[in-house]
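A.B. asks: Sequence:
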Amino acid sequence: MPHTVKGVVSRAKGEPAELVDIVVPDPGPGEAVVDITACGVCHTDLHYREGGISDDFPFLLGHEAAGVVSAVGEGVINVAVGDTVVLNWRAVCGQCRACKRGEPHYCFNTYNAAQPMTLTDGTPLSPTLGIGAFCEKTLVHSGQCTKVDAAADPAVAGLLGCGVMAGIGAAVNTAPVRRGQTAAIIGCGGVGCAAVAGSVLAGARRVIAVDLDDKKLGWATDLGATHTINSAGMDEGAVVAAIQSLTGGFGADVVIDAVGRPETWRQAFYARDLAGTVVLVGVPTPGMELQLPLLDVFGRGGALKSSWYGDCLPERDFPMLIDLHLQGRLNLDTFVSETIALDQVEEAFAKMHRGEVLRSVVVL
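Sequential numbering of the sequence shown, starting at 8, is according to the working numbering.
Mixed in with the good hints, there may be bad ones.
Below, in silico cross-link-like pairs of lysine-lysine (DSBU-like), each with a Cα-Cα straight-line distance of 30 Å or less [claimed, not checked]: (1) K20 <-> K358; (2) K154 <-> K107; (3) K154 <-> K13; (4) K222 <-> K358; (5) K107 <-> K358; (6) K13 <-> K312; (7) K222 <-> K312.
Computed spacing ranges between beta-carbons, pair by pair [claimed, not checked]: (8) Q122 <-> G255: 36 to 42 Å; (9) G308 <-> D156: 40 to 46 Å; (10) E22 <-> T292: 43 to 49 Å; (11) G308 <-> P9: 34 to 40 Å; (12) G58 <-> R268: 17 to 23 Å; (13) L311 <-> L219: 23 to 29 Å; (14) D128 <-> D62: 15 to 21 Å; (15) F115 <-> G294: 21 to 27 Å; (16) D128 <-> Q102: 34 to 40 Å; (17) A121 <-> M241: 48 to 54 Å; (18) I84 <-> Q298: 36 to 42 Å; (19) S61 <-> D128: 32 to 38 Å; (20) G58 <-> G255: 24 to 30 Å.
Just so you know, these hints were derived from the structure itself, not from any lab.
Treat the numbers as computed from the prediction; the structure is a model and nothing was measured.
The C-beta atom is built at its ideal place from N, Cα and C for all residues, glycine as well.
Please take these sequences and the hints and turn them into a complete structure.
C.D. replies: Below is the structure:
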């Protein structure tokens, strides 16, 4: 029978999120109900609350989550009741043109649950990124569940569901950073710090972190950055020169823009070595435009890439990264600044906006 549980809902653009009762139906074919154990507070949830992604209110917020499968629907074979899982928002279909050409990380037809979760009056909820995990239970497509080692702290494991995977994947999958290369990361919030960790994991000999905030640069250092640049008060040219000065005057082999603004992307473009790689993983807003001399694009060569969800394949990457963490080879604990309760999500949004935390994590 359906379950009535507590969940964090955004009813209208810009209004504070509310902790209310929601109804989670029994799983249908291909679906699973997951008891949420932890869920990170991500900028994407705030973008949904502010109406920056769509206007399909009310939203059930939360998506960066770990939990335990408590029920499965007909035909589900990839997970079973009792499995510890990390939720993902790119459950690949296996049938679209990207999947058929052997690039399932680009799947153009990802799955979500077919049934809606609702308010108690029957109003359908829009789950953020097809997940909706600031709640005690959520309904997802079974393909959105990736089984991982239950020994991992849920507060850490859940972060792989979005921001940490996006950053690590930008370095390891999209670029990819190779052993002995130099990498620079512009913007050291959650995604940027994860790109630092990914560059270290990939074997970069020099990892340069760039940000306006010394606190964020400290986080990047904790995750393995070898050099930091505080760009407060610096123009674009000065940032480029600072990166070049740390790379023999040439520029970095890979520069990752984890901010997603025209000025930071231009910094990344000019701060890379000739034939180097730029990776955009920060998400621009719809009105942003970029102006760049086309001759410079031609003359500098290399690759200009965008990273979608770290170009990850969840069933491959999540278990691997959890195993590396449990072996002490990947420091994920640094990302958890604090653990909070469901009724503290709105306060966590404010802390995140002020840059006070790397990640607040709801623990149930």
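A.B. asks: Hints numbered earlier in the text: which of these fail when held up against the supplied structure?
C.D. replies: 5, 6, 8, 10, 11, 18, 19, 20
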